[in-house]
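Student: Protein chains in written order, with full-length UniProt numbering: chain G, 1 to 111; chain V, 1 to 111.
These are calculated hints, taken from the structure and not from any lab test.
For glycine and all other residues, C-beta sits at the position ideal for the given N, C-alpha and C.
Wrong hints could be hidden among the right ones.
Unchecked claim - Okay, the calculated beta carbon distance ranges per label pair:
id : chain 1 : residue 1 : chain 2 : residue 2 : range
1  : V       : Ala99     : G       : Gly74     : 36 to 46 Å
2  : V       : Ile56     : G       : Ser78     : 49 to 59 Å
3  : V       : Glu95     : G       : Ala32     : 19 to 29 Å
4  : V       : Lys72     : G       : Glu95     : 25 to 35 Å
5  : V       : Arg80     : G       : Ala102    : 44 to 54 Å
6  : V       : Lys72     : G       : Arg31     : 53 to 63 Å
7  : V       : Asn65     : G       : Ser6      : 16 to 26 Å
8  : G       : Lys79     : V       : Ala36     : 31 to 41 Å
9  : V       : Thr77     : G       : Asp54     : 41 to 51 Å
10 : V       : Gly57     : G       : Leu106    : 46 to 56 Å
11 : V       : Glu18     : G       : Gln60     : 30 to 40 Å
Unchecked claim - Which residues of chain G face chain V? A few of them, derived with a C-beta cut under 8 Å, are:
id : residue
12 : Ser6
13 : Leu24
14 : Ser28
15 : Ala36
16 : Lys55
17 : Ile56
18 : Gly57
19 : Leu58
20 : Pro61
21 : Ala97
22 : Arg98
There are 2 protein chains.
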Amino acid sequence: MDADVSSTAELLRALGNEHRLTILDWLSDPRAHFPAQRDGDLVTDGVCVGFITDKIGLSQPTVTNHLQYLSKAGLVTSKRIKNWAFYRLVPERVEEARAALARLALPVQRP
Amino acid sequence: MDADVSSTAELLRALGNEHRLTILDWLSDPRAHFPAQRDGDLVTDGVCVGFITDKIGLSQPTVTNHLQYLSKAGLVTSKRIKNWAFYRLVPERVEEARAALARLALPVQRP
DNA sequence: CATCAAGATAGCTGAATAACTATATAGGAT
DNA sequence: ATCCTATATAGTTATTCAGCTATCTTGATG
């Protein structure tokens, strides 16, 4: 556990928001949630901010904020093509969160 | 996912704090982290607030605050014996968090 | 009954979150 | 060069978080 509690906490904090969870869910299967893009592949490059903004019903700056928050926690990466920004999920980082919780979920019962 | 995003977010928010993570880690194996108690079994009843307060180095009201936060998220339960309050981990609830993250960690790759 | 000990509650403060509008920046198209 | 479009940044506001000290409540004990 003490193998970086603070980074784990930051990670879980980033996951602890309704809108961010929704966005991550969408990004985990972009083709199921967004139309195809002209200038970048949904899966390979990621989803553009505009699509997420339209679908989630928040202002564009607020969505950018959430995406930057996720990015700081390492949960997404971004890529710029022309003047679009594409955000892609980093599933390994989600897995790290799961791994950190694994030991808590299985408490040691000493005799 | 939409099977209660808001409760999942609350759960992950509760997990997203260094001190609360530390406390939960201790509660996942109380005998490894605390001395035996006179008036309640560490595992069966939980750990008393005083032990946690001493070990974590925060004020007692702050610790009570964190424990109540965890309790609202369903991550711990409390039991009062005499004038001690014992807090015990609810590993099933941690497992719920893991389950919610499981689908994100395994993104669908459609052909 | 008076006192002590354990925890909870009240009340305060500063920092971080989450939202918005308005504006800046940068690339394409006319 | 100008305009349009996509995103980022600035700046504001209200709320929540995380900590503290001081006090209340409750049970045990002299």
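Student: Work down the list of hints and note, for each, if the structure agrees.
Tutor: Cross-check of the supplied hints:
About 22 Å separates the C-beta atoms of alanine 99 of chain V and glycine 74 of chain G, a value inconsistent with the hinted range of 36 to 46 Å. At roughly 37 Å, the beta-carbon separation of isoleucine 56 of chain V and serine 78 of chain G lies outside the given 49 to 59 Å, and the hint is violated. For glutamate 95 of chain V and alanine 32 of chain G, the hinted distance range of 19 to 29 Å is satisfied, since their beta carbons lie about 26 Å from each other. In this structure the supplied range 25 to 35 Å holds for lysine 72 of chain V paired with glutamate 95 of chain G, their Cβ-Cβ distance being about 27 Å.
Checked against the hint of 44 to 54 Å, the C-beta distance between arginine 80 of chain V and alanine 102 of chain G comes to roughly 31 Å, which is inconsistent with it. Distance hint check for lysine 72 of chain V and arginine 31 of chain G: the Cβ-Cβ separation is about 37 Å, which falls outside the suggested range of 53 to 63 Å. Between asparagine 65 of chain V and serine 6 of chain G the beta carbons are some 19 Å apart, a value that agrees with the proposed interval 16 to 26 Å. One distance hint, 31 to 41 Å for the beta-carbon pair lysine 79 of chain G and alanine 36 of chain V, is violated here, with the actual separation near 56 Å.
Between threonine 77 of chain V and aspartate 54 of chain G, the C-beta spacing of about 43 Å keeps the proposed range 41 to 51 Å intact. Judged by the Cβ atoms, the range 46 to 56 Å given for glycine 57 of chain V and leucine 106 of chain G is violated: they are separated by roughly 27 Å. For the pair glutamate 18 of chain V and glutamine 60 of chain G, the supplied restraint of 30 to 40 Å holds, since their beta-carbon distance comes to about 32 Å. At its closest, the beta carbon of serine 6 of chain G sits 5 Å from a beta carbon of chain V; the interface hint therefore holds under the 8 Å criterion.
A hinted interface residue such as leucine 24 of chain G counts as satisfied when its beta carbon comes closer than 8 Å to some beta carbon of chain V; here the least separation is about 5 Å, so the hint holds. At a threshold of 8 Å, the smallest CB-CB gap from serine 28 of chain G to chain V is about 4 Å, leaving the interface hint in force. The interface hint given for alanine 36 of chain G is violated, since its Cβ lies 12 Å from the closest Cβ of chain V, which is over the 8 Å cut-off. For the restraint placing lysine 55 of chain G at the interface with chain V, the shortest Cβ-Cβ distance is roughly 13 Å, beyond the 8 Å limit, so the hint is violated.
Taking 8 Å as the C-beta contact cut-off toward chain V, the hint placing isoleucine 56 of chain G at the interface is violated, the least distance being around 12 Å. Using the Cβ-Cβ criterion of 8 Å, the hint placing glycine 57 of chain G at the interface with chain V is not satisfied: the shortest such distance is roughly 14 Å. Taking 8 Å as the C-beta cut-off, the interface hint given for leucine 58 of chain G is violated, the closest approach to chain V being about 14 Å. Against a cut-off of 8 Å between C-beta atoms, the interface hint on proline 61 of chain G is violated, since the closest Cβ of chain V lies about 21 Å away.
A distance limit of 8 Å between C-beta atoms decides the matter here; for alanine 97 of chain G the minimum to chain V is near 6 Å, and the interface restraint holds. Checking arginine 98 of chain G against chain V: minimum C-beta separation of about 5 Å stays under 8 Å; hint holds.
In the structure shown, a violation is registered for the earlier hints numbered 1, 2, 5, 6, 8, 10, 15, 16, 17, 18, 19 and 20, in ascending order.
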